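K.L.:
Spelled out, the chains give:
Protein chains: 2
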Amino acid sequence: MTLGILGGGQLGRMSAMAGLRMGVRVKLLAPSVSGPSLPFADTTVADWTDADVLRQWAADCDAVSVESEWAPADALAAVWDGPIRPGPQTLHLIRHKGRQNQTLAEAGLPLPRFALCATLDDARQSAEAFGYPVLAKRYEGSYDGYGNATCRSPEDLARAWDDLAADDGLLIEAFVDFEGEVSALVARREGGERAVYPIVATEHRQHQLHAAWLPAGLADGVEEEARRVAGEAIAAVGGIGLLAVEMFVTRDGGVLVNEIAPRPHNTGHLTIEACHTSQFENHVRAALDLPLGDPAAQVPAACMVNVVGSREGAVAPDLAAALAVPGAAVHLYGKPDSRPRRKLGHVTVTADSAEAARQRGEAAVSALAL
Amino acid sequence: MTLGILGGGQLGRMSAMAGLRMGVRVKLLAPSVSGPSLPFADTTVADWTDADVLRQWAADCDAVSVESEWAPADALAAVWDGPIRPGPQTLHLIRHKGRQNQTLAEAGLPLPRFALCATLDDARQSAEAFGYPVLAKRYEGSYDGYGNATCRSPEDLARAWDDLAADDGLLIEAFVDFEGEVSALVARREGGERAVYPIVATEHRQHQLHAAWLPAGLADGVEEEARRVAGEAIAAVGGIGLLAVEMFVTRDGGVLVNEIAPRPHNTGHLTIEACHTSQFENHVRAALDLPLGDPAAQVPAACMVNVVGSREGAVAPDLAAALAVPGAAVHLYGKPDSRPRRKLGHVTVTADSAEAARQRGEAAVSALAL
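Line by line, the protein sequences are chains S and X. Residue numbers for the first sequence follow this note's numbering, so the first one is 29 and each next one is one higher. Residue numbers for the second sequence follow this note's numbering, so the first one is 29 and each next one is one higher.
In case anyone wonders, no lab produced these hints; they're calculated from the structure. Don't take each hint at face value.
What the hints assert, rightly or not - Chain X is nowhere near these chain S residues, computed Cβ spacing over 12 angstroms in every case: (1) Asp70; (2) Gln84; (3) Pro140; (4) Tyr174; (5) Ala186; (6) His238; (7) Thr305; (8) Ser306; (9) Asn334; (10) Lys363; (11) Thr378.
As the list claims (entries may be wrong) - Quick look at which bits of chain X chain S covers, simulated, 3 or more residues with Cβ under 8 angstroms: (12) 61-71; (13) 75-88; (14) 99-112; (15) 124-132.
Unchecked claim - The following label-pair restraints were derived from C-beta to C-beta distances: (16) S:Gly341 x X:Arg233: 54 to 62 angstroms; (17) S:Arg233 x X:Pro328: 45 to 53 angstroms; (18) S:Pro59 x X:Gly219: 42 to 50 angstroms; (19) X:Ala263 x S:Ser338: 23 to 31 angstroms; (20) X:Asp346 x S:Asp205: 33 to 41 angstroms; (21) S:Gly341 x X:Gly110: 49 to 57 angstroms; (22) S:Gln84 x X:Asn286: 49 to 57 angstroms; (23) X:Asn286 x S:Glu218: 48 to 56 angstroms; (24) X:Gly110 x S:Glu340: 31 to 39 angstroms; (25) X:Trp98 x S:Glu340: 46 to 54 angstroms; (26) X:Asp191 x S:Asp346: 53 to 61 angstroms.
All of these numbers come straight from a predicted model, not from anything done at the bench. From the three backbone atoms N, C-alpha and C, an ideal C-beta is built for every residue, glycine too.
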């Protein structure tokens, strides 16, 4: 079987490795030469918006998946009639924060209060109704804190409008004074079979994921509710493949959906070591419409810590120092150049407790000195 | 860092994947096109006994390892002065069953009684001394039962001599009425640092590995003794990298070394899922002289079952059926053609008990229908 992936970054790299293990051929199509995809013989570098390129590349694929919601799935769908998973409709829906929120709300899923605001006046009224502070979010292309603004006053809101509003306006969300942020990976097949992973707790630094661990330390009822909400959210957007649902846990034990990512997710990297079936393997399985694997944890606890660039320049990790940390599974993505905030790799540690795993994960990341 | 591996089979494939995960570049050199090495961009297919080929290929390697004791390490050593791990001397020693046994015996390690027999008369005298049955073993090139014969009489012995003896004769070993067969994976660095894995119990069918599992079910003292013997055996042969020691456990709880393999080993494939650091990762680490990873099990139990060809023809696994078995980690090596006894892949299952893991592993292998 052959799976094509539009993308040449770390998500494609780790998906390719999961496929290879099972004897599945994984082809990557990337718009430019990329370190993560370099080791794979089946990598094509070409203009991936070109109809001929797409048609030719996909011709021998049983299915195609995407590494990001911005990959040219629509262009592929126009010239190839094989299965794209997740499908262009799901990607279209998720790409736009307004459409995404509306779809989830219509499915009865819990979200922060939100409003789709076509004008600055609409935004002001919504902010008054929710009470300041509110979050202003660009509809498209926001990530890791980019494209979002916390507004504490009408003046902040006016500034955010100028910076972020598109032709169809801006999303305003009530600020959630959350207890914690969590994530659920969900694999889902055509027909609806799904596998929901154990909830992962997350910590962000400067709006970028820093660490993720399991167990998340939630009360049983909250863990169960978060998994239910995540599973239904992915069904609501018609997601096929592996998708992630980021959620807030509120101080009263409620769960609110923050956002969906239609692809394997940084919060799920620890599943490689921690779960019977990794998010990448289940992504490959779901994309090829193969039975899903067991998402349950196979260890008592695990923690992943991101390896993020701190400066410009060539990537020169002190691998020996990191590998000296007991139990550290070091993942580096093969990116030749670093820059601040660039994701270069991650370290996962499995242990008897998330705290013990976290401590060693942090030590190994520091030791890499990137 | 760049590691070269002489070989293009499943051991090179899985070592390459372990290296890639850590951001290590792994180059393969294979004498002919091979399915397992096909997915890797850094695969060279060329006459690997050719001095120019070897010199050029190894030029940018920090170290080179081998996939088998028969790889052209000597030819490489003649034209390249970088580190080959394990070294040609170790490979030379292990390749010849007589030299191997003598070295281990001189180091005081427990072995079945054996004799290096230069003539058929010598062999007859040794067999009389040990008592029939005895094993006759070709000094070089025996594996999976090939090159060995069980002799129950002087007539059997004469036949074995005709079939198997080389210019320097034949190895005669006393027959061991063992309780069980076990294996230990040992990673060892220059300078002697070593990591000995938990003992793996093994079951052979028609002289070929069928299943391997841990825990091995040995009494504490026997497990400890087997790990001690394995670690010292690898030190005795000067092994650097990941090597395997196959042993017999006798009915009185003793441990006897059967043989050493100077490379990652089929009995260690389960370490990918079961241990903090897989045999392949520790092979890459040791070969590059990086700190060794924790070999301890991270799950209560695991079992690996081999996927072996039963007929001639194209490999067409029923992947969907195998993946429907809960918890089955399916590994297929990308070999396009099957034949009886060819190793095509394996399945590992982690579980609370080796028995539960074994049952599901067998089910998944049967489901593949290869």
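K.L.:
Against each hint, give a clear statement of whether it holds in the structure.
P.N.:
Going down the list of hints, with the structure as the test:
1. Non-interface status of S:Asp70 relative to chain X is broken: a Cβ of that chain comes within 12 angstroms, the nearest being about 6 angstroms off.
2. With a least CB separation of 20 angstroms from chain X, S:Gln84 remains clear of the 12 angstroms interface cut-off, as annotated.
3. Distance to chain X confirms S:Pro140 as a non-interface residue, since its nearest Cβ pair spans about 37 angstroms, more than 12 angstroms.
4. The non-interface label for S:Tyr174 is consistent with chain X: the shortest C-beta to C-beta separation is roughly 27 angstroms, beyond 12 angstroms.
5. Every beta carbon of chain X lies more than 12 angstroms from that of S:Ala186, the smallest distance being close to 46 angstroms; the non-interface claim holds.
6. Residue placement check: S:His238 keeps its beta carbon more than 12 angstroms from all beta carbons of chain X (closest about 20 angstroms).
7. Consistency note on S:Thr305: stated as away from chain X, yet its beta-carbon is not over 12 angstroms from all of that chain's, at 8 angstroms minimum.
8. Interface exclusion of S:Ser306 from chain X breaks down, the closest Cβ pair being 9 angstroms apart, not more than 12 angstroms.
9. Look at S:Asn334: its CB is around 14 angstroms from the nearest CB on chain X, clear of 12 angstroms, so calling it non-interface holds up.
10. Its beta-carbon lying about 9 angstroms from the closest one in chain X, S:Lys363 breaks the requirement of being farther than 12 angstroms from that chain.
11. The non-interface label for S:Thr378 is inconsistent with chain X: the shortest C-beta to C-beta separation is roughly 5 angstroms, within 12 angstroms.
12. Interface restraint, the region 61-71 of chain X with chain S: holds (6 residues with C-beta to C-beta distance below 8 angstroms; minimum three).
13. Counting residues of the region 75-88 of chain X whose beta carbon lies closer than 8 angstroms to any beta carbon of chain S gives 0, which falls short of the minimum of three for the stated coverage.
14. Interface restraint, the region 99-112 of chain X with chain S: violated (0 residues with C-beta to C-beta distance below 8 angstroms; minimum three).
15. Restraint check on the region 124-132 of chain X versus chain S: 0 residues with Cβ-Cβ distances below 8 angstroms, three needed, restraint violated.
16. Restraint check, S:Gly341 to X:Arg233: a C-beta distance of roughly 55 angstroms satisfies the suggested window 54 to 62 angstroms.
17. The hinted window of 45 to 53 angstroms between S:Arg233 and X:Pro328 is violated, with their beta carbons roughly 35 angstroms apart.
18. For S:Pro59 paired with X:Gly219, a C-beta distance near 46 angstroms keeps the hint of 42 to 50 angstroms intact.
19. The hint said 23 to 31 angstroms for the Cβ distance between X:Ala263 and S:Ser338, and at roughly 41 angstroms that hint is violated.
20. Distance hint check: the CB atoms of X:Asp346 and S:Asp205 are about 52 angstroms apart, inconsistent with the given range 33 to 41 angstroms.
21. Taken as a hint, the range 49 to 57 angstroms is violated for the pair S:Gly341 and X:Gly110, whose Cβ atoms sit roughly 27 angstroms apart.
22. In this structure the hint that S:Gln84 and X:Asn286 lie 49 to 57 angstroms apart at CB holds, the actual value being about 53 angstroms.
23. Here the CB-CB span from X:Asn286 to S:Glu218 is close to 50 angstroms, well matched to the stated 48 to 56 angstroms.
24. Between X:Gly110 and S:Glu340 the C-beta distance comes to about 32 angstroms, which sits within the given range of 31 to 39 angstroms.
25. At roughly 47 angstroms, the beta-carbon separation of X:Trp98 and S:Glu340 lies within the given 46 to 54 angstroms, and the hint holds.
26. Checked against the hint of 53 to 61 angstroms, the C-beta distance between X:Asp191 and S:Asp346 comes to roughly 55 angstroms, which is consistent with it.
Hint violations for this structure: numbers 1, 7, 8, 10, 11, 13, 14, 15, 17, 19, 20, 21, all remaining hints satisfied.
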